[in-house]
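Colleague: The chain contents come next:
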Amino acid sequence: MTSPHAKRLSHLATYVALIFICALAVFPLIWMVSTSLKPDAQIVQPPRWIPDKFMWVNYKLAVSSQSTHFPLWTRNTLIIATLAVIGATFSSAVVAYGFARIRFPGRGFLFALMLSTMMIPFPVTMVPLFSIFVWLGEHTPFAWLGTTKPLWVPAWFGSAFSIFLLRQFFATIPEELSEAARIDGCSEWGIFWRIMLPLSGPALSVVALFTFMWAWRDFLGPLIFLQRPTQYTLSLGLQTFQSQHGNTPWNQLMAASVLVILPVLILFFIAQKTFIEGIATTGMKG
Amino acid sequence: MIFTRGETRNLFKGLAFLSPWLIGFAVFMLLPIVLSLYYSLSDYNLLQPPVFIGTENYHALIHDSVFWRSLRVTLLYALISVPMALFVTLGVAMLLNVRLRAQPIFRTLIFLPSLVPTIASAILWKWMFNQRLGLINRALEPILNWLHLPGPPWLDATNWVVPSLAIMSVWSAGNTVIIYLAGLQDVPRELYEAAELDGAGPMGRLWNVTIPMISPVIFFNLIMAIIGILQVFDTPFMMTKGGPNRASYFFTYYLYDNAFTYLKMGYASAMAWIQLLLVLLLTGIAFLSSRKWVYYQGK
Numbered sequence: 001m002t003s004p005h006a007k008r009l010s011h012l013a014t015y016v017a018l019i020f021i022c023a024l025a026v027f028p029l030i031w032m033v034s035t036s037l038k039p040d041a042q043i044v045q046p047p048r049w050i051p052d053k054f055m056w057v058n059y060k061l062a063v064s065s066q067s068t069h070f071p072l073w074t075r076n077t078l079i080i081a082t083l084a085v086i087g088a089t090f091s092s093a094v095v096a097y098g099f100a101r102i103r104f105p106g107r108g109f110l111f112a113l114m115l116s117t118m119m120i121p122f123p124v125t126m127v128p129l130f131s132i133f134v135w136l137g138e139h140t141p142f143a144w145l146g147t148t149k150p151l152w153v154p155a156w157f158g159s160a161f162s163i164f165l166l167r168q169f170f171a172t173i174p175e176e177l178s179e180a181a182r183i184d185g186c187s188e189w190g191i192f193w194r195i196m197l198p199l200s201g202p203a204l205s206v207v208a209l210f211t212f213m214w215a216w217r218d219f220l221g222p223l224i225f226l227q228r229p230t231q232y233t234l235s236l237g238l239q240t241f242q243s244q245h246g247n248t249p250w251n252q253l254m255a256a257s258v259l260v261i262l263p264v265l266i267l268f269f270i271a272q273k274t275f276i277e278g279i280a281t282t283g284m285k286g
Numbered sequence: 001m002i003f004t005r006g007e008t009r010n011l012f013k014g015l016a017f018l019s020p021w022l023i024g025f026a027v028f029m030l031l032p033i034v035l036s037l038y039y040s041l042s043d044y045n046l047l048q049p050p051v052f053i054g055t056e057n058y059h060a061l062i063h064d065s066v067f068w069r070s071l072r073v074t075l076l077y078a079l080i081s082v083p084m085a086l087f088v089t090l091g092v093a094m095l096l097n098v099r100l101r102a103q104p105i106f107r108t109l110i111f112l113p114s115l116v117p118t119i120a121s122a123i124l125w126k127w128m129f130n131q132r133l134g135l136i137n138r139a140l141e142p143i144l145n146w147l148h149l150p151g152p153p154w155l156d157a158t159n160w161v162v163p164s165l166a167i168m169s170v171w172s173a174g175n176t177v178i179i180y181l182a183g184l185q186d187v188p189r190e191l192y193e194a195a196e197l198d199g200a201g202p203m204g205r206l207w208n209v210t211i212p213m214i215s216p217v218i219f220f221n222l223i224m225a226i227i228g229i230l231q232v233f234d235t236p237f238m239m240t241k242g243g244p245n246r247a248s249y250f251f252t253y254y255l256y257d258n259a260f261t262y263l264k265m266g267y268a269s270a271m272a273w274i275q276l277l278l279v280l281l282l283t284g285i286a287f288l289s290s291r292k293w294v295y296y297q298g299k
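Sequences listed follow chains A and B, in order. Numbering of the first sequence is given in the numbering used here, commencing with residue 1 and proceeding in unit increments. Numbering of the second sequence is given in the numbering used here, commencing with residue 1 and proceeding in unit increments.
I should point out that these hints are in silico values taken from the structure, not numbers from a laboratory. Check the hints yourself; a few may be wrong.
[To be verified] Straight line, CA to CA, 25 Å or less: simulated SDA-like cross-link-like pairs of lysine to any residue: (1) 13(B) - 121(A); (2) 7(A) - 95(B); (3) 13(B) - 149(A); (4) 13(B) - 102(A); (5) 7(A) - 184(B); (6) 241(B) - 102(A); (7) 149(A) - 112(B); (8) 273(A) - 112(B); (9) 241(B) - 121(A); (10) 13(B) - 228(A); (11) 273(A) - 104(B).
[What the hints assert, rightly or not] Which chain B residues face chain A? A few, computed with CB under 7 Å, are given here: (12) 80; (13) 83; (14) 94; (15) 98; (16) 123; (17) 143; (18) 263; (19) 265; (20) 281.
Even glycine gets a Cβ: it sits at the ideal position worked out from N, Cα and C.
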């Protein structure tokens, strides 16, 4: 049996350790904000956390610099992310309903097949996808390369991870509910649309949130498929900004980075519970 | 196969609901995979149609020292970052699982970095790692001065760059911590109480209760790490351009260059297939070994 004294001591040690780890986690972020507000001269001086003078103009410079199209990149990223979120959430829910509630021959095999696609590395498909998009541009009236289509159209065909998550959720909804609706003459689509979806708010928001986060930070996709700087997403645009400027305007680079994080951070504080619970459930499939 | 009418109807209904995924799978997954296999056996530069050359790309890869080097860089990164990604995060999750009043704040703060988009953390850490002006070396200055050591060059030296990138990856591993924490919270308290009654100390409880009970979660994180690490691309591309002297030229980075810088699509596809086979091999080994160390409740 542990004595109350020993218990208090171990709690104290845990506190110390956690405060130390939290400092490691948060100091870089504070440093980022601090650097973003410093005048040029103070960056190279010995470190200080609070600048003499808050240079909000750094933000303005970063956003309006000649080589950046910050407002445009934000708009592009928002459009891609929104289209991906709507498409992935809706289509994944439809497919997940099929996997969860309709018994048909071959379902188990197809479900296993879908799960196994999560193991396919993107490099396997990215080269052929690129050549397919080139081909489509040359042989059909629909240009893909150099448009945002490759970044959000695939989402409208469901994503394996979201389908899996939603299927697990649908499976927990009592079968009696759909049975009762079926007796009342409700069609399968009606059951999905009017009974399952309204009950699945939490799971749908997890999928929407994850898709948004993924689209917001995606880099390799935009790097391959986008061609003109005016079409870039924030990730890709900032990358060109930082590689052009080398290491010089650290304060402006930090200001731009803060601006990219901000929307995600706001979203997190609005939907904190959805975030944490969503991530927690992903580990449960083991 | 002969189905009853009800079964046939269900089959059509099921396939109708599955149709978005079935079409997407055929167009965005199956077709590219088949094409990728064909390209890997071809000479293909995107401008002319692919020409079948058998296994020549694979032979060339075996004699390509840059290929082997990129594989070595990736494996070195895996050796450093996988243990950290699996066990440092577990340790942090265990601390977060102690019942303390301030836990919600600790959990939020530790999770926060994993929200940061890769481009932002790449820019931030490039600045943090700066040898002369970066926060890390300035924070280490008192210790380093006392030991009469210069500040590590981090991203600027061939033997420091991979460990630096691995350190940075732990910073944004908040997701893994949350997954572990959920696993830890599912361990029944009675097990700890029973172990305590049997005289098990903290180490005994860790080894005989915690580890077996969350071994499925460790296994899940291991599989995710295997799939993820072979695809590391963003951070070296953004932060080091593969340098210095190709010391952070990761597997996927070389693959990307082959495909989109040198337009050697066939060669890149051969690399992609080697990557796929490596993922399958490593996850296969993990699955086989899991019988020995992963414990599922109710089995």
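Colleague: Does the structure break any of the earlier hints, and which numbers would those be?
Modeller: Of the numbered hints given earlier, those the structure breaks are 1, 3, 6, 7, 10, 12, 13, 14, 17, 18 and 20, listed in rising order.
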